Amino acid sequence: MLPWNYGFHWNAGTLIFLGAFYTVLVVVATTVIRAAFHSRRELAAHHEESIRWHSDFHDLPAADRVCRHVLTGEFKHRECPHAFDCRECETHAKLIARHPLAPPAEPEEDILGMSFPLDRFYHRGHTWVHPEADGAVTIGLDDLGRRLLGNPDAVRFPALGAHIQANGTAFQVTKRDVQIDVLAPVDGAVVATGSAAGDWCLRVKPDASGEPAFRHLLRGSEIRPWLQREMERLQLALTAEGAAPTLADGGVPVADIAAGYPKADWDAVCGEMFLRP
Amino acid sequence: MNKRYGMSIDIDKCTGCGACMVACAVENNVPALPGANDRRGITWMRVYRVDNGEEYPDRRSAFVPMLCQQCGVETPCAHVCPQQAVDVDPATGIVGQMPERCLGCRYCMAACPYHARYFNWWDPQWPAGMEKTLNPDVAPRMRGVVEKCNFCHGRYHRAKERAAAAGEKDIRPGEYIPACVEACPAGAIRFGDLNDPSSEVAAARHEAGSFRLLEKLGTDPKIYYHSTRDWVRQIAFAPKPGGKENLHG
Amino acid sequence: MDKDFIARGVKRCSTGRFLLWIAPWAALLAFGLYSAGLCLVKGLNQTNMDNRFPFGLWIFLDLTVIALGAGAFFTGFLLYILKLDELKAVISSAVVIGLVCYSGAIAVLLVDVGQPLRAWFTFWYPNVHSMLTEVTFCLSCYLTVLAIEYLPIVLKNRKLRQVPSFLVFEFELHKLIYVLAGVGTFLSFFHQGSLGGLYGVLRGRPFAFREGLAVWPSTFFLFILSAAAVGPSFIVLTTHLVEKLSRRRLVRQQALELLGRISGLLLAVYVLAKTIDTLVWINRTSPESGFPAAQYYSWKPFGTWILFAEIVLFGLAPALVLLAPRLRARRAWLVSAAGLACFGVALNRFVMTVQTLAVPTLSFDQFVSYFPSWQEIGTFLAVVAYGVLVYSLSFRYLQLFPEERELKMAQAAEESSAELVGRY
Numbered sequence: 409m410l411p412w413n414y415g416f417h418w419n420a421g422t423l424i425f426l427g428a429f430y431t432v433l434v435v436v437a438t439t440v441i442r443a444a445f446h447s448r449r450e451l452a453a454h455h456e457e458s459i460r461w462h463s464d465f466h467d468l469p470a471a472d473r474v475c476r477h478v479l480t481g482e483f484k485h486r487e488c489p490h491a492f493d494c495r496e497c498e499t500h501a502k503l504i505a506r507h508p509l510a511p512p513a514e515p516e517e518d519i520l521g522m523s524f525p526l527d528r529f530y531h532r533g534h535t536w537v538h539p540e541a542d543g544a545v546t547i548g549l550d551d552l553g554r555r556l557l558g559n560p561d562a563v564r565f566p567a568l569g570a571h572i573q574a575n576g577t578a579f580q581v582t583k584r585d586v587q588i589d590v591l592a593p594v595d596g597a598v599v600a601t602g603s604a605a606g607d608w609c610l611r612v613k614p615d616a617s618g619e620p621a622f623r624h625l626l627r628g629s630e631i632r633p634w635l636q637r638e639m640e641r642l643q644l645a646l647t648a649e650g651a652a653p654t655l656a657d658g659g660v661p662v663a664d665i666a667a668g669y670p671k672a673d674w675d676a677v678c679g680e681m682f683l684r685p
Numbered sequence: 345m346n347k348r349y350g351m352s353i354d355i356d357k358c359t360g361c362g363a364c365m366v367a368c369a370v371e372n373n374v375p376a377l378p379g380a381n382d383r384r385g386i387t388w389m390r391v392y393r394v395d396n397g398e399e400y401p402d403r404r405s406a407f408v409p410m411l412c413q414q415c416g417v418e419t420p421c422a423h424v425c426p427q428q429a430v431d432v433d434p435a436t437g438i439v440g441q442m443p444e445r446c447l448g449c450r451y452c453m454a455a456c457p458y459h460a461r462y463f464n465w466w467d468p469q470w471p472a473g474m475e476k477t478l479n480p481d482v483a484p485r486m487r488g489v490v491e492k493c494n495f496c497h498g499r500y501h502r503a504k505e506r507a508a509a510a511g512e513k514d515i516r517p518g519e520y521i522p523a524c525v526e527a528c529p530a531g532a533i534r535f536g537d538l539n540d541p542s543s544e545v546a547a548a549r550h551e552a553g554s555f556r557l558l559e560k561l562g563t564d565p566k567i568y569y570h571s572t573r574d575w576v577r578q579i580a581f582a583p584k585p586g587g588k589e590n591l592h593g
Numbered sequence: 003m004d005k006d007f008i009a010r011g012v013k014r015c016s017t018g019r020f021l022l023w024i025a026p027w028a029a030l031l032a033f034g035l036y037s038a039g040l041c042l043v044k045g046l047n048q049t050n051m052d053n054r055f056p057f058g059l060w061i062f063l064d065l066t067v068i069a070l071g072a073g074a075f076f077t078g079f080l081l082y083i084l085k086l087d088e089l090k091a092v093i094s095s096a097v098v099i100g101l102v103c104y105s106g107a108i109a110v111l112l113v114d115v116g117q118p119l120r121a122w123f124t125f126w127y128p129n130v131h132s133m134l135t136e137v138t139f140c141l142s143c144y145l146t147v148l149a150i151e152y153l154p155i156v157l158k159n160r161k162l163r164q165v166p167s168f169l170v171f172e173f174e175l176h177k178l179i180y181v182l183a184g185v186g187t188f189l190s191f192f193h194q195g196s197l198g199g200l201y202g203v204l205r206g207r208p209f210a211f212r213e214g215l216a217v218w219p220s221t222f223f224l225f226i227l228s229a230a231a232v233g234p235s236f237i238v239l240t241t242h243l244v245e246k247l248s249r250r251r252l253v254r255q256q257a258l259e260l261l262g263r264i265s266g267l268l269l270a271v272y273v274l275a276k277t278i279d280t281l282v283w284i285n286r287t288s289p290e291s292g293f294p295a296a297q298y299y300s301w302k303p304f305g306t307w308i309l310f311a312e313i314v315l316f317g318l319a320p321a322l323v324l325l326a327p328r329l330r331a332r333r334a335w336l337v338s339a340a341g342l343a344c345f346g347v348a349l350n351r352f353v354m355t356v357q358t359l360a361v362p363t364l365s366f367d368q369f370v371s372y373f374p375s376w377q378e379i380g381t382f383l384a385v386v387a388y389g390v391l392v393y394s395l396s397f398r399y400l401q402l403f404p405e406e407r408e409l410k411m412a413q414a415a416e417e418s419s420a421e422l423v424g425r426y
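Chains as they are written, first to last, in our numbering: chain A, 409 to 685; chain B, 345 to 593; chain C, 3 to 426.
Just chain A, same shape as in the assembly (with noise of 0.2 Å):
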């Protein structure tokens, strides 16, 4: 083991043996501090948020990381690489140079049943942005979110002030005894919080504007085929969670969905539509 140990011998098969077995010990260490250095580093530099959402993303089925040109048809399979922010992706900023995006072809803004303004942009975690005119957005709960969550029994908004990351957590809603963290849409201080039924959740001072701030939210006719997208998930979340898939026939949801599937496991269904593994 050392050299003053009894019974060490300077030859090749102590050198060979024992320079494996410390070569190990430091490569196994190395790894380990290295890894606790790496995250005291992004701790400090409160990446906990971006990290929990490259993690969940990581975990959600094949089928719900598609990118949003599968949704409308330009491609037939990809995976998203960028974990939901277009805002880094060179091909989304390639397609819509090549492809502005088309004006939805019916101004409607009834889809499936639901209303969905196309005033704003909507994130996949379901919430809109509003821009307004001072350069401030709000946030609120989309349609579609709104029904899930209906009449919550809790909301936790973030302190006045506070830093919210797009894909981290913009604020908690509490229903039937699950906890959702919802996903924030953009990056941004909190200047005023709404409610969860109101009209909106959130006021935020956007750390950047513009169009390449937004790239990575919904908007126009990407609207109905992604909608179309989250009822069928929601329908198979539905399922899956026991309660009856009375949706199939094109049904439209109820105001509070939780209410109409008492038996459903609730849990699993926000983690589902919210995004939350």
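Calculated from the structure, these hints are not laboratory results.
Remember, predicted model here, so these are calculated numbers, not experimental data.
One thing to keep in mind: the hints can contain errors.
[Said to hold, decoys possible] Simulated crosslink set (DSS-like; lysine-lysine; CA at most 25 Å straight-line):
1. C:Lys302 x A:Lys671
2. C:Lys13 x B:Lys584
3. A:Lys671 x C:Lys13
[Said to hold, decoys possible] Restraint-style ranges between C-beta atoms, simulated for each label pair:
4. C:Trp126 x A:Ala420: 18 to 24 Å
5. C:Arg328 x A:Ala667: 46 to 52 Å
6. A:Arg442 x C:Gly18: 40 to 46 Å
7. C:Ala149 x A:Trp418: 40 to 46 Å
8. B:Trp470 x C:Ala32: 34 to 40 Å
9. B:Ala483 x C:Gly18: 55 to 61 Å
For every residue, glycine included, the Cβ atom is placed at its ideal position computed from N, Cα and C.
Dock chains B and C against chain A, hints included.
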């Protein structure tokens, strides 16, 4: 010059009296354990009885004293011990066991083809009063370690000390003799330096009828046996389950 | 009650039922710990081992368990080094099985040695020529690696990952997991091998002694091959068992079939190597030591049937089944073949441990037999119970099968479409 202590045992002279076994146990402080049997007891020296497998009146028996064969090449036990609790002393050729270093993994026992190694299944204990007879030159071994014959290493050290006290460089032949050699009433066991051509053992190994056990394993044991009888010399070889000789102990 | 600790979207039985399942295993563990305690306090006289049978049930089962636990390193190697991504579905389960197998085996080894408190001597005064030194070093290093690999699985628990530092550390450690997989593969290669070398170097036991390459006898390589072959089989077997017990689908059939195919391929190579090795040993190695090989098989009950069973019945047969795509696609065939393969390796470890010691080497020596005492059996049962408990807890609270939720959804989709078809 380095020594290579070895033994020559004349099976034809052995009467199976067991004096060597007793002398060995007394010399080396081997405990007399109440629960011990032939598979769990400690007998650094053990006398086996063999016979030629014939029926009366042709039946013949012989006694084979078995002890550590002090393998000199690729010593199986020393080779496998994970923590150098077994070593072969280059100065004497004696395969030594260091119970205070032993972990009790018993890998050496699995490695030994002669079953000459013993594990301390119990704490050592002696009947009341018998502790007064213990040999102060040999440390008793604790539970959970392996031990075996070391050619009465305590005697070797005493001989060395005496020689040093007398101002001599080395011990002379005959000054160091293991207890079993001394105790054998038939003079069947001879002991000495195999590297010394003038020693009795060095001469005995070349006698007709001299053999070693399982020589083909290639471990160069230093215990030579001797018998003029052909059927006895068969014990040198691997067991033959279908054979005529019934060599079971 | 413990709902917050169970991953979102997976169903687990109620706490009460879980406790009911745990209780008998906990009782068995308590009994086993008592047995082991007896051996530690009163000494190994509590066992039925003796000077002629210095190794017994424990060593045999340790070798078996470690061979079966090889799935952890081998799956890690296939997934992180060879990038077989399908195996992501079983890697966590494989790590838990590996951890259980190795930690259990090491715990039993510590009861098995006469002076457990001197275990560190091997590290301090290592005899680098001893196979057991290699085993000790590699086993302890690999157990450390397994524990570190298990850590991210634990930290990913739903409740624990709410702690930001756990979450971030898990994420960062998982990024480096391929390093650990590489080190684990290196270590496993050597300790699986040196466990075989343990017997192959026994010059004094011609039944076990083998020639080989450099310092490594052929058993070194045979043990690596056989362990790598049955590791995946054991994962197939355990996954199937867990699916049956929990009554849910956990892994796609393709992943299990892939494991089966790899297992079958390696098993076929192993059977070939073992056959060549046996022929060389019968015709050269053993006779050269003065031991005609035929004599080993004349000590009943160890007839040549055991050789046949080891190589053909539990080697070639499962290898062929696992290599046949049609058979392997059927769950019953796949699982039975995997079971046979595992049994075959257990038989091999039994032969190497028990038959080696039972056949006499001296002509005036006897064939000896041995039957373990209840303390020995109890100690081993403790390891079994410990394994079941650790696995059950891990299965309940940790995400061992990442595809479980997806499979549940797929099943729901099938059901709803079937219902639609039924309606019209």
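Results for each hint:
Taking the CA atoms of C:Lys302 and A:Lys671, the gap is near 64 Å; set against the 25 Å cutoff, the hint is violated. For the hint pairing C:Lys13 with B:Lys584, the CA-to-CA distance comes to about 63 Å; that exceeds 25 Å, so the pair is violated. Of the pairs offered as hints, the one joining A:Lys671 and C:Lys13 holds, with about 14 Å between alpha carbons and a cut-off of 25 Å not exceeded. Restraint check, C:Trp126 to A:Ala420: a C-beta distance of roughly 21 Å satisfies the suggested window 18 to 24 Å.
Our hint of 46 to 52 Å for C:Arg328 and A:Ala667 holds, since their Cβ atoms are close to 51 Å apart. Roughly 44 Å separates the CB atoms of A:Arg442 and C:Gly18, a value that falls within the hinted 40 to 46 Å. At roughly 33 Å, the beta carbons of C:Ala149 and A:Trp418 sit outside the given window of 40 to 46 Å. Range check, B:Trp470 to C:Ala32: about 37 Å between beta-carbon atoms, so the 34 to 40 Å window is met.
As the Cβ distance of B:Ala483 to C:Gly18 is approximately 59 Å, the hint placing it in 55 to 61 Å holds.
Violated hints, in rising order: 1, 2, 7; the structure is consistent with all others.
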